[in-house]
Amino acid sequence: MKRNSAPQAVPKTVPRPINPKFKSRLPAIMTEISDKLLVIEPAIEQVNEQLREFLDYLDFEIRKVELEIKDLSWRDRVDLGAVKEAESWLKQLQQLKADFNVDVMTSPPRTIREMVDRIQNLFEV
1 MKRNSAPQAV PKTVPRPINP KFKSRLPAIM TEISDKLLVI EPAIEQVNEQ LREFLDYLDF
61 EIRKVELEIK DLSWRDRVDL GAVKEAESWL KQLQQLKADF NVDVMTSPPR TIREMVDRIQ
121 NLFEV
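First residue of the sequence shown? That's 1 in our numbering, and the numbers climb one at a time after it.
No lab work stands behind these hints: they were computed from the structure. Here a beta-carbon is modelled for each residue, glycine too, at the ideal position from N, C-alpha and C. This list has only true hints and no planted wrong ones.
Cut-off 25 Å, straight-line C-alpha distance, at most; resulting in silico cross-link-like pairs (SDA-like, lysine to any residue):
1) Lys-97 with Asp-59
2) Lys-12 with Phe-123
3) Lys-36 with Gln-50
Derived Cβ-Cβ restraints for the label pairs, each shown as a range:
4) Val-125 with Leu-58: 35 to 45 Å
5) Ser-107 with Val-78: 43 to 53 Å
6) Pro-17 with Tyr-57: 47 to 57 Å
7) Ala-82 with Gln-50: 26 to 36 Å
8) Leu-67 with Gln-95: 13 to 23 Å
9) Asp-76 with Arg-110: 47 to 57 Å
Work the whole structure out from these sequences, hints included.
Written as structure tokens, this is what we have:
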């Protein structure tokens, strides 16, 4: 049996009638959202740079503490208290890095744009 591997066109759905008040307000809502995004997007891009710079410094601190732990662990007399304190600090730094997702923090404008496009296509605004 042979399959047709050509991409199938997604049938365009015809918008169904919606509440007249919603229909009349929808273009203004979309315009307001787009206007706000024009302000938000450049600010998010600027913050993105500082967030990534912070992550670079955080990576350095993590590596520094890892080396400190190795150094403390290989001394003639190991100070277990100092090792445990450094390990605790390292765990906190690593957890901060794990929770610090720049793409998630800076994605709202991109997500909003995608939703605006979907709304405009769905309701033919």
